[in-house]
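Asks: Using UniProt numbering, read the sequence shown as starting at 1 and increasing by one per residue.
Worth flagging that the hints you see were computed from the coordinates, not collected in a lab. It is possible that some hints are incorrect.
Claimed, not checked - Cross-link-like lysine-lysine pairs, in silico, DSS-like; alpha carbons within 25 Å at most: (1) Lys73 - Lys158; (2) Lys118 - Lys73; (3) Lys43 - Lys81; (4) Lys260 - Lys216; (5) Lys321 - Lys294; (6) Lys284 - Lys260; (7) Lys117 - Lys73; (8) Lys188 - Lys158; (9) Lys112 - Lys73; (10) Lys118 - Lys81.
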Amino acid sequence: MIKSFFYLLLIALIGLGFAWLGGLGGNMVIEFEGQRIALTLVKAGAIGLALFCVLLFAWWVVKSIFNAPALIKRRWQEHRKDRGYQLLSTGLIAAFSGDADTALRMARKSGKLLDSKKELLVPFLEAQAKLLDCDDENAVKLFESMRQNPQTRLVGLKGLYRAALDSSAPEAAAQYAAEAAALNPGLKWASLATLDRFAARGEWQEALTLFDNYVKTQPKTFAGNARFDQQRAVLLTGQAREVARKEPAEARYLALQAHKLVPAFIPAATIAAQILFALGEMRKASRLVHKMWKETPHPDLGLVYINAEATSAAERLKRAKNLARHNPANRESRLLIARTAFEAGELALAREQAELVAQTAPSEGVFLLLADIETRQTGDQGKIRHWLSKAVQAEPDMTWIGDDISLPEWQAVSPVSGHLGGCQWRRPNKRQDSLHHVFDKDAHNPYSGQRGEIAVAANENPAPSETASVTILDVTPVHNTGTPSAKKAAGGGGRENSSPLTRLVVDDPGVDDTGEIK
Numbered sequence: 001m002i003k004s005f006f007y008l009l010l011i012a013l014i015g016l017g018f019a020w021l022g023g024l025g026g027n028m029v030i031e032f033e034g035q036r037i038a039l040t041l042v043k044a045g046a047i048g049l050a051l052f053c054v055l056l057f058a059w060w061v062v063k064s065i066f067n068a069p070a071l072i073k074r075r076w077q078e079h080r081k082d083r084g085y086q087l088l089s090t091g092l093i094a095a096f097s098g099d100a101d102t103a104l105r106m107a108r109k110s111g112k113l114l115d116s117k118k119e120l121l122v123p124f125l126e127a128q129a130k131l132l133d134c135d136d137e138n139a140v141k142l143f144e145s146m147r148q149n150p151q152t153r154l155v156g157l158k159g160l161y162r163a164a165l166d167s168s169a170p171e172a173a174a175q176y177a178a179e180a181a182a183l184n185p186g187l188k189w190a191s192l193a194t195l196d197r198f199a200a201r202g203e204w205q206e207a208l209t210l211f212d213n214y215v216k217t218q219p220k221t222f223a224g225n226a227r228f229d230q231q232r233a234v235l236l237t238g239q240a241r242e243v244a245r246k247e248p249a250e251a252r253y254l255a256l257q258a259h260k261l262v263p264a265f266i267p268a269a270t271i272a273a274q275i276l277f278a279l280g281e282m283r284k285a286s287r288l289v290h291k292m293w294k295e296t297p298h299p300d301l302g303l304v305y306i307n308a309e310a311t312s313a314a315e316r317l318k319r320a321k322n323l324a325r326h327n328p329a330n331r332e333s334r335l336l337i338a339r340t341a342f343e344a345g346e347l348a349l350a351r352e353q354a355e356l357v358a359q360t361a362p363s364e365g366v367f368l369l370l371a372d373i374e375t376r377q378t379g380d381q382g383k384i385r386h387w388l389s390k391a392v393q394a395e396p397d398m399t400w401i402g403d404d405i406s407l408p409e410w411q412a413v414s415p416v417s418g419h420l421g422g423c424q425w426r427r428p429n430k431r432q433d434s435l436h437h438v439f440d441k442d443a444h445n446p447y448s449g450q451r452g453e454i455a456v457a458a459n460e461n462p463a464p465s466e467t468a469s470v471t472i473l474d475v476t477p478v479h480n481t482g483t484p485s486a487k488k489a490a491g492g493g494g495r496e497n498s499s500p501l502t503r504l505v506v507d508d509p510g511v512d513d514t515g516e517i518k
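Whole structure, please, built from the sequences with the hints as guidance.
Replies: So, in structure tokens, the structure goes:
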């Protein structure tokens with residue numbers, strides 16, 4: 001548009017110039033070798049303009065002749081570059097689709113047409129192709145060379161990270177991820193991998209610092225903020241759980257921060273309550289558990305609460321009833337009363353509550369509890385087998401799951417994959433072997449008066465202002481190798497240790513072949 005306007009303006013100016021010359025009048029006289037030529041001003045101007053155009057055209061022709069070799073060379077280079085980019089695109093598509101032969105062939109051809117020092121995708125394609133061709137050694141060399149180039153350093157680190165993982169070298173992979181995260185905290189793969197490493201090592205402060213730097217690089221959205229709050233709560237809870245033994249005050253602060261950040265996060269509330277009870281802040285801990293029980297009852301919370309100040313089965317039953325008042329119709333409230341009543345010997349109450357749960361929300365653990373009640377109350381082998389058969393057919397109880405493995409308690413870092421925040425409270429997909437506690441009947445039974453994981457070592461009931469040391473009760477996870485109770489019951493006998501105890505699930509001692517309680 002601008003060019004057209006310029007040409008129109010030029011033509012208009014030339015026309016105005018000729019009109020001006022025509023209005024002047026007079027002639028132009030040229031004498032050449034005795035000849036005299038008279039021209040009007042308009043003719044002279046037209047001849048001058050024509051000569052200018054001829055000279056301009058002649059200059060263009062001469063210039064084109066001299067520039068022809070360079071022009072031909074440039075056109076050839078552009079053709080080679082276009083062809084190289086086409087081959088490069090084909091190779092990248094082949095590499096990402098898993099076609100190693102095509103990717104290698106395209107990498108070689110594009111490398112001949114393109115300058116690999118300037119076109120950085122050429123060595124990347126070659127490295128990807130060699131990875132697909134299982135030539136890890138040469139691929140690592142290429143990624144290492146890319147690592148030395150500031151423009152391709154992050155790509156090289158990502159390639160080295162993947163190669164290290166494929167070679168089962170997690171430490172090397174973690175180092176590459178840490179280097180990439182230091183260069184660019186916004187890289188999700190690098191930051192998350194480094195977070196996993198820090199958390200697995202117990203370097204919680206470094207993990208929190210890296211996480212904060214990562215969050216700063218992310219867009220601010222409501223969904224994103226909720227997700228980041230959840231991840232931060234996991235980090236804070238994991239740190240609180242680890243430092244509770246040596247620094248109870250710091251653990252208290254961290255757990256309460258996590259609970260404040262995500263109030264519905266059960267592990268944060270559970271650990272906060274454990275620490276508060278251990279430090280003697282009974283009222284604050286009770287208020288926290290009562291509030292959580294009204295909204296999201298959970299067996300872990302119930303276990304912490306009933307063991308906080310109770311030293312006998314009767315006291316634990318009393319505390320269970322008190323907690324259940326805050327959400328009496330909930331399944332967990334009835335189960336809590338049923339289990340503590342069974343332990344206290346109030347079998348009628350235990351049966352009443354357990355049968356209510358079996359009618360509304362049956363599960364394996366409920367029927368196992370009813371089998372225990374039947375064993376102690378009537379000893380009727382037929383009814384015991386009836387409850388055990390229902391337990392076999394029922395859905396498994398909710399438990400902490402990490403990487404499809406049942407865990408005895410929540411853990412910030414999965415013991416299987418080492419990933420942070422992968423532990424979820426849900427029902428197992430299949431009947432899996434569970435990692436569970438080995439309980440000593442006196443020291444490790446959850447109803448024997450221990451305060452969950454955390455117990456005050458220096459003083460049983462310290463005042464809130466006193467400094468109390470906090471002890472973590474370490475329990476070794478093992479696989480259950482006992483004979484499943486259903487099979488033993490089907491053979492005519494009792495059952496033994498068929499249900500692994502996960503937090504609040506009662507250790508199921510069963511009965512022996514004589515019908516006596518073990």
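Asks: None of the hints should be skipped; say for each whether it holds.
Replies: Do the hints match the structure? See the list:
Using a Cα cut-off of 25 Å, the hinted pair Lys73 and Lys158 is violated, with the two alpha carbons roughly 38 Å apart. Using a Cα cut-off of 25 Å, the hinted pair Lys118 and Lys73 holds, with the two alpha carbons roughly 19 Å apart. Between Lys43 and Lys81 the alpha-carbon distance is near 53 Å, which puts this suggested pair outside the 25 Å criterion. Only pairs whose Cα atoms come within 25 Å are accepted, and Lys260 paired with Lys216 is accepted, the gap being roughly 21 Å.
Our distance criterion of 25 Å between C-alpha atoms is met by Lys321 and Lys294, whose separation comes to about 14 Å. Distance hint between Lys284 and Lys260 is fulfilled; the C-alpha atoms sit about 14 Å from each other, no more than 25 Å. Between Lys117 and Lys73 the alpha-carbon distance is near 21 Å, which keeps this suggested pair within the 25 Å criterion. The suggested pairing of Lys188 with Lys158 holds, with an alpha-carbon distance near 11 Å, which does not exceed 25 Å.
Restraint check: the Cα-Cα separation between Lys112 and Lys73 comes to about 17 Å, which is no more than 25 Å; the hinted pair holds. A hinted pair counts as satisfied when its Cα atoms are at most 25 Å apart, and Lys118 with Lys81 qualifies at roughly 12 Å.
In this structure, the earlier hints numbered 1 and 3 are contradicted, and the remaining ones agree with it.
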